[in-house]
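Q: Residue numbers (the working numbering), protein chains in the order written: chain A, 226 to 675; chain B, 226 to 675.
Among the hints, erroneous ones may be present.
A pair holds if it fits inside one copy or across any two, identical chains being indistinguishable in the list.
[Unchecked claim] Cut-off 25 Å, straight-line C-alpha distance, at most; resulting in silico cross-link-like pairs (DMTMM-like, lysine to aspartate or glutamate):
1. K377 <-> D424
2. K669 <-> D473
3. K355 <-> E369
4. K376 <-> E360
5. K230 <-> E337
6. K292 <-> E645
I should point out that these hints are in silico values taken from the structure, not numbers from a laboratory.
2 protein chains.
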Amino acid sequence: MKEKKALVVGAGLVGALWAVFLAKRGYDVSVYEQRGDMRQAGYSGGRSINLAMSDRGWKAVEKAGIKEKLASVAIPMYGRMMHPVSGELVFQPYGKENQAIYSVSRGGLNLELLNIAASFPNVELQFDQKCRRFEPSEGAVWFEGPDRQLKKVEAPIIFGVDGAFSSIRNSLQRLPRFNYSQSYLDYGYKELNIPPNEDGSHRLEKNALHIWPRGQFMLIGLPNIDGSFTCTLFLPFDGSEAAFDRLDSDEAVMAFFQQYFPDAIPLMPALLEDFRRNPASALVTVRCSPWHYQDKVLLLGDAAHAIVPFFGQGMNAGFEDCTILDALIDDFDGDWARIAPAFSANRISDGNAIAELALRNFIEMRDLVADPRFLLRQKIAARLHEKHASFLPTYSMVTFSNIPYSQALQAADAQNVLFERILALPDIEQTWENNEQIEGVFRKWQAELL
Amino acid sequence: MKEKKALVVGAGLVGALWAVFLAKRGYDVSVYEQRGDMRQAGYSGGRSINLAMSDRGWKAVEKAGIKEKLASVAIPMYGRMMHPVSGELVFQPYGKENQAIYSVSRGGLNLELLNIAASFPNVELQFDQKCRRFEPSEGAVWFEGPDRQLKKVEAPIIFGVDGAFSSIRNSLQRLPRFNYSQSYLDYGYKELNIPPNEDGSHRLEKNALHIWPRGQFMLIGLPNIDGSFTCTLFLPFDGSEAAFDRLDSDEAVMAFFQQYFPDAIPLMPALLEDFRRNPASALVTVRCSPWHYQDKVLLLGDAAHAIVPFFGQGMNAGFEDCTILDALIDDFDGDWARIAPAFSANRISDGNAIAELALRNFIEMRDLVADPRFLLRQKIAARLHEKHASFLPTYSMVTFSNIPYSQALQAADAQNVLFERILALPDIEQTWENNEQIEGVFRKWQAELL
């Protein structure tokens, strides 16, 4: 058996959590992070989207024994609050009563995880260490420190948890038979902000994820514990009337908001400053295979499977990596030569599935949540779910279960067939609450699946 | 107008040819190549597949004014010669009479192109210069020379022609919104050799591409001017009975050849040495977008679109890049700020199309060329082509025309529909030579396309 020493490259959300898992198993863990120590320097915002922790994330932090500490910074959101251009807000629950996803700020959560990791005596944290590359011939990682000198760090097992633009993965990419893709949307996102009321309360319903769906683009807002909302505008970079490259002056920004998000303007006193200061960032999907190199390196989190944020599953998928990898350590008795290929074999199809589901959910969020047929479908799905415990709508399967993402994707495809049939029933808009044919269509569809 | 200076990174086939194009336009061209100067050191073989020059390739070298010089090293192949496990050889022509593809050795052709490029006084060749990266902030490329020192090279316009594992592309990959994928087949290839007879003649029919199709794998052989054949075995790396990882001893290799390629054994006296010495190399498809960075960098050849070798179009596609880019220089009067995006817009869909066609042709070569239905389809296609000048079989469109690859791919899909219908005609196997229904099906299909 190898020495119980591990190198974790990256102290973001997943890296910090995985360090906790390893520490609890008695590994001596070195964590190297390219940014400065946010416990001293604070977290630099301006390009983050708030996170929505759901069941898979909670399961992982519970397994790590740190669920209580994290629950105190999370705000439950029981559904989507839709903001039309004019008229009444519409609330659409995410699941059954009391089912919620939980808004957490990336910075706050990361800080909390770092503090927990640092509290283990067998965890060593190193900051300002830029990972330059993994060198397969040496089994070592080269870092550039603040003195700009290169330093070689060796460990029996190395975890590349260095995010969507992972240097470790970039090194693996040069090895034969490593499959890789990075694919960008033509959309960018920009962080905006709704501050709290003067009394510290929230200016909008606190326990909801707010969406302003506008067909080809959208604005969303997630609550923070300080009473503010972190908002994100998703918009094409260019190529259409409504695009970032057209919003090149305060006047253009204000006219755009007046046309599409009039109710947001009074909520955002710093709109123009935020808009000028915060960049329009790109949205990438990263897929690769395998996620391991021999018994030396494993990729976790965004380094293995960066996805677009529209299903709120980026962090949850990364945290679930930890749950699954931790179980494999037991299954294979700590033998990384067997754990590493098993992790690739077990988990890559799930990573690809949530990548696909997240891309599909973009269409749903920006477009379909404002579509009456889609809303009808959601209501019928909820009704079927109440009646048949075994029937889980796709959103619930992804968000409120631990069913493998690849199964959820298969189910999503099958459910598309089901709802095509149901929505083709005559007068379904008027009759859905008491239409007995729905049950017949459902039973036939269910029988076909077996 | 910028200074007429260009940096070409890579002196492989496409890099050397593109240097000639630029030199003829009066550019001062610096060519940097990571390997040593093959004019002195010779070409190191052992992992090359012979090349088949076809119309697109010839058009480019003709435009560069060097067709005659290259024609002397090329051997016409008028069709495929199929080798069954036992029984008669079957010859299948590629096109009409006198249509051929031309076997050239990679090393010989590269040497010839380098000599031609070096003959221009405004071309400077630098060898042993490993490209480390393109630095967008400097608009410069960093090379590591034989003294291991890093050197910065600047130029108004830089061409990344540094192959499937391009360093220039790897630098672009780190920029936002650069889409990239590399995807490996589970197959490897190994170079083998059939030497000439003692009198210098070829041991097999000289003017054919020899194929030993075996369903899940195959052997091919292409003639050289010295009387030898360069052969390539394409085989799964692992995961099946017939796979490289099973061929781990002389006995296993010999038993494998006795079972599947018995007629090749007497032709290959050095089979076992070749097998031991030459590596099993991987087969990658690379796609990316865009192929340019501002007005500074353009990717050409394998750096932009590495493809699998099964359509014999890798070099031809790269040479056609030169033809097309050269025409764009005229169209936009040498203004790279307009040429570069036009090249991406014009050419990427063609790169993706030939990548797809090459993957499909793998199935055809290893499998279908031994399938009677496929052979029947080929014969009917040839007959239709004779009768209707406008009907070009896919293979001819790709190989014997300059129709954009993207159009050839569309036509391939449409032709699949046509031949599905024709092969469904009753008793087509017996009646195809005089079946009047074929004409009816063809006319109906053609009318649908309009």
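Q: All hints, please: hold or fail.
A: Okay, the hints, checked on the actual structure:
1. K377 <-> D424: Intra 52 Å, inter 58 Å, cutoff 25 Å: neither.
2. K669 <-> D473: neither (55 Å within a copy, 54 Å between copies)
3. K355 <-> E369: both (5 Å within a copy, 22 Å between copies)
4. K376 <-> E360: Classified as both: same-chain Cα gap 12 Å, cross-chain 23 Å, threshold 25 Å.
5. K230 <-> E337: within (24 Å within a copy, 55 Å between copies)
6. K292 <-> E645: Result: close neither inside a copy nor across copies, 40 Å intra and 60 Å inter.
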